[in-house]
Amino acid sequence: MYTTDGFTAKFNPFHKITYQDEIFYLTGTDRLQNGVQPEKNIVLLDADMTPMSVLPMDLPTHAQMDDIISNHTSPTMKRIGETVALSFQHRNTTEAGDEEYFQFLYFVDLQEFLPKARDIAPQQPPEPQHKSILTRVMNVVVNAFNWLFRR
Amino acid sequence: MIVRIAYPGAESRQILKDGKRVDMNQWDESIRMYGEVTRSFCGENRYIGVKNILEFYLTQGCKLQIAPRNAIQTMVRMEWSVDEFFNNGGTTTFVDRVAGSLGIHASTIKVVSVYEGSLVVNYDIAVDDPADDSSSSGESASTASTPAEQLAEIKAKQTAAFSTGGMDLGAPITDVELTVIENVESTDNSTDNSSSSSDSSSSEDSAPSKIISGGQVTAPGFPPVIFNMDAYWHPQLLRSKNTDYDAKALRLAQTLANVTLACQAHPCTLLKTGKDTDLDPFFNKNNEWSFWSVFNFNDPSSSDPQGVYMKKSVNVDNNNPGTALSEQSRVLLVYAAQNPKVWTTGDENAAIILAYDAVDASDSKVHLNLRKYNNLDRMKANDSSEHVILPLTNSAAYESKPSFQEVTWHGSIANSEISIFYEFQDGSGNLKLAQGKHGTDGSWTTTVTN
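Residue numbers (this note's numbering), protein chains in the order written: chain A, 1 to 151; chain B, 1 to 450.
So here's chain A without its partners, still in its complex pose (with noise of 0.2 Å):
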């Protein structure tokens, strides 16, 4: 399954995603670029492991992070507590040869997403009902109506 796409026949650590009902999972792959030169991706496998979606990753524009376009690796996506972090790396080969690696990380604080306390607490029991004695007059008629047409 891996040496379709040009993916090359490596596994990396896998993250397993559900979303919408569906699992996913994640993992880094190497793919040769142009059928000669390998470059780390980031995958989006289905739950059976075949890729679905080569990953761009497109990081926000920042002095550091301009040049930073592919060869991206090793994501994790994994809930901790409250929120859910995603991280992946990026590795540089310097000017003189030199390998450097970067870490991309975000997290998503679940705490907007998940139902609040009030939302989940225990209902209070309805309050009693004020009616007025017309009112429950009333109400002992039409009983007594609907009861005797009943029979």
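To be clear, the hints were calculated from the coordinates, so they are not data collected in a lab.
Watch out, some of these pointers could steer you wrong.
Claimed, not checked - Keeping only pairs whose Cα atoms sit at most 25 Å apart, straight-line, the calculated BS3-like set for lysine-lysine is:
1. B/380 with B/312
2. A/16 with B/432
3. B/272 with A/40
Put chain B on the given structure of chain A with help from the hints.
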């Protein structure tokens, strides 16, 4: 009568009458396909793109032959609407642009189909067939002598033009695929005895070659330049399953890949990690913008030992992504180990499990390992309370790169259910993926998944 043949593929075909090619009807811009067959003469024909239907007029006693045609088939996807395409000269201008960019005669280029998606144009560049002396224009797309050489020459010319930005088609190009169709001379060009229609064989030299994918050059041997950044940042599906699933997968891919958008709503940062690689973050604290991580350190030029480390990254500048983080509490956890993954069973006071791979002294092979730290403080002190070296299975030469799938924690590794994916090398040297399950009875069972 008008005969319509639906083909499963879009291979280039031609109608031959008395051994000579009958040109297709002219393209009709008003219906955006080749002009209808008007029953003017036997052999009048057209190709209906997308549906892959060859349509031709056949009269009594007239013998026709359907033959594959030597051609380079090209699919170009551009960021244009169909209306914009036709409002900007349509197929005539398109063919002129291709011809001009490649330096070939426009008569050798046939647009096969134009359809939405954003805009897809399929076109063929045909080369002369030595058996066919009816070249309609007398022009050739190549000066090479044999069809195979001509096809190779045109393919190389097109590949180079697209891969170096030399092809100006009027709109940003997103995807380009080339397929070579070579007409293999067949000996069974027999005709039937009535309708006189026959077919000869063709062979494609390969599956379609991707020249540009998602705005980036992917042609073998050419630098992977990105010509179309908008297309590059837009994830595409590599395959289709069904409409609902595809929509979910694409939505998820776009959500995950669009970090720029995520960082507008959520804290994010770039950490220059130097030689620290494969960070697995855990225990982040929003109020102080900090987090812990385990990682590989494997720098032979450093005096620090290689192995699995942990550290705390602090003082993340929430408003300034890209600011370098300072580090605290860098600790070597396991010497000469690698590929660490953490599973937390609760908060900082609960047990933490570390999975990694390392060479086991008993057999000098790389094994999966599990360690338990009673809490974060014990982990910082590199004081593990439990260590399990998982035995090799499936005749593996080594097992590495563990990643947790599920953990049902019962207080210790020995009695907990732990499911792990990992890579291993089998006895034949093949890399395989496996799933291992550690049972509550301490058992370790594995399944090869590919």
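Here's how the hints hold up against the structure:
For the given pair, residue 380 of chain B sits about 10 Å from residue 312 of chain B by alpha-carbon distance, which is consistent with the 25 Å threshold. At roughly 19 Å between alpha-carbon atoms, residue 16 of chain A and residue 432 of chain B fall within 25 Å of each other, so this suggested pair holds. Taken as a hint, the residue 272 of chain B and residue 40 of chain A pair is honoured in the structure, with Cα atoms around 18 Å apart against an allowance of 25 Å.
Checked against the numbered hints above, the structure violates none of them.
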